[in-house]
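**Student:** Keeping the supplied structure of chain A fixed, place chain B with the ligand upon it in accordance with the hints.
If you want the building blocks of each chain, they are given just below.
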Amino acid sequence: MAATQEEIVAGLAEIVNEIAGIPAEDVQLDKSFTDDLDVDSLSMVEVVVAAEERFDVKIPDDDVKNLKTVGDAADYILKHQA
Amino acid sequence: MTSKIKPGKGAPYARITGVGGYRPTRVVPNEEILKHIDSSDEWIRSRSGIATRHWAGPEETVAVMAVEAAGKAIADAGLDPEQIGGVIVATVSHFKQTPAIATEIAHKLGAGKPAAFDINAGCAAFGYGLTLAKGMVTEGSAEHVLVIGVERLSDLTDVTDRSTAFLFGDGAGAVVVGPSQEPAMGPSVWGSEGDKSDVISQTVPWDGYRVGDVGQLPVGADGELKFPAIRQEGQAVFRWAVFEMAKVAQQALDAAGVSPADLDVFIPHQANMRIIDSMVKTLKLPEHVTVARDVETTGNTSAASIPLAMERLLATGQAKSGDTALVIGFGAGLAYAATVVTLP
Ligand SMILES: CC(C)(COP(=O)(O)OP(=O)(O)OC[C@H]1O[C@@H](n2cnc3c(N)ncnc32)[C@H](O)[C@@H]1OP(=O)(O)O)[C@@H](O)C(=O)NCCC(=O)NCCS
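Same order as they appear, the protein sequences are chains A and B. Numbering follows the UniProt record's numbering, with no gaps: position 6 of the first sequence is 6. Numbering follows the UniProt record's numbering, with no gaps: position 104 of the second sequence is 104.
So here's chain A without its partners, still in its complex pose (with noise of 0.2 Å):
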């Protein structure tokens, strides 16, 4: 079943954490991932592969670029989820 906006965020959260030690509740929509979460491209890369498991999405590298915040990444998976 296709996740909902919040249950995305709730395991974008998750995933941050796991991957940066960013506490879960700082994961919020409007949260930059390099700025606010010190989330590095490298990172990025390591939530995205999480994302694409968790979600059922395919996130090209191209994409990957876009997603600058919290809000870009629950969007895009929301659009793109199987």
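Quick caveat, the hints were computed from the structure, so don't treat them as lab data. Each residue gets a CB set at the ideal place from its N, CA and C atoms; glycine is no exception. Hints should not be assumed to be uniformly reliable.
[Said to hold, decoys possible] A short, non-exhaustive set of chain A residues, derived as facing chain B with CB atoms under 8 Å: (1) V45; (2) E46; (3) V49; (4) D75; (5) L78.
**Tutor:** Coordinates of chain B with the ligand only, in the frame set by chain A:
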């Protein structure tokens, strides 16, 4: 008429019996790399874990480094060079198409007339060599086989390319594979994904300089034609390495019937500390497993990285003879090879 053919008689099993390494004398710190690219020591360390690497001088040729490392491996195995029946050289930095450099290396070592050949499988090539050597020993076509990984990647580095200039290093590592009464090398999990063959590659083929469109050839700021270099799509490689290679490493453990709890040492190809950290996490390796982190002071030496890291772990006492180690190589091709071995 179909005659009855007598098969060879090999050893019941194979094992690594000796290891040796050679690191060029010149140490190149990040500061030197920064002369040619817009970057910082902090960025390089945080994205790759690399602080220094060794770059070979003019006298430290591929053959010289290989002979140094291989000589130590032969001595470590307690053998004389004449006992070596096979020499496999894994490299991408031997610049003469023919003959293979393995024959010259075998001769310089004082080996008799061993089977000698080069293999090209990028950063996976050491594992490919191990697999071939194991087959030769157990099938009976050689009793002791040298597997040498040797690279002068500084020759193939574009010092102005921000995504590779800081990554590569030079050096040689070698092991001897010989007979064993006990299993000491697990099944190889190896393969390639040629649909991604353009993700890591040489910028122009050698014949590009002869027949190619000159406009396609690399040119320096001074207008001079430049040597080809290795280029890569860093993010694509990183994604493949952290996601797919952890699975391959797990398959190698499963194939050998070894659980992470039974493992003593993990020696992944030394490409980038971030890839190593991610694999350790994904594989859920317990605290007691010693992880090779030689990349910090050696950089990425492609086919040489695993035996160099193995040699250092043993020399510094971080690992000991008889330990069970998971090794995995991966890179250009994209090709990969993983296996579980008993350390010499
Ligand atoms: C090479 C590697 C470290 C580059 O890291 P990356 O995060 O992919 O780099 P990107 O090119 O996406 O750039 C990310 C940011 O860092 C910057 N950057 C790139 N190279 C830089 C450098 N050398 N110094 C400083 N900043 C750099 C970019 O400009 C970009 O900044 P921006 O976000 O403000 O635009 C990384 O991709 C890698 O190691 N991949 C695996 C490669 C490997 O191991 N290959 C061999 C396998 S055998």
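**Student:** Against each hint, give a clear statement of whether it holds in the structure.
**Tutor:** Structure-based check of all given hints:
1. Contact between V45 of chain A and chain B, as hinted, is supported at the beta carbon level, the nearest pair being about 5 Å apart and thus within 8 Å.
2. Hint status for E46 of chain A relative to chain B: holds, with the closest Cβ pair at about 6 Å, below 8 Å.
3. At about 5 Å, the closest approach between the beta carbon of V49 of chain A and any beta carbon in chain B falls short of 8 Å, and the interface hint on this residue holds.
4. Because the smallest distance between the Cβ of D75 of chain A and any Cβ of chain B comes to about 21 Å, over 8 Å, the interface hint for this residue is violated.
5. Taken as an interface hint, L78 of chain A does not check out: its beta carbon lies about 22 Å from the nearest beta carbon of chain B, beyond 8 Å.
Hint compliance for this structure: hints 4, 5 are broken, all remaining hints hold.
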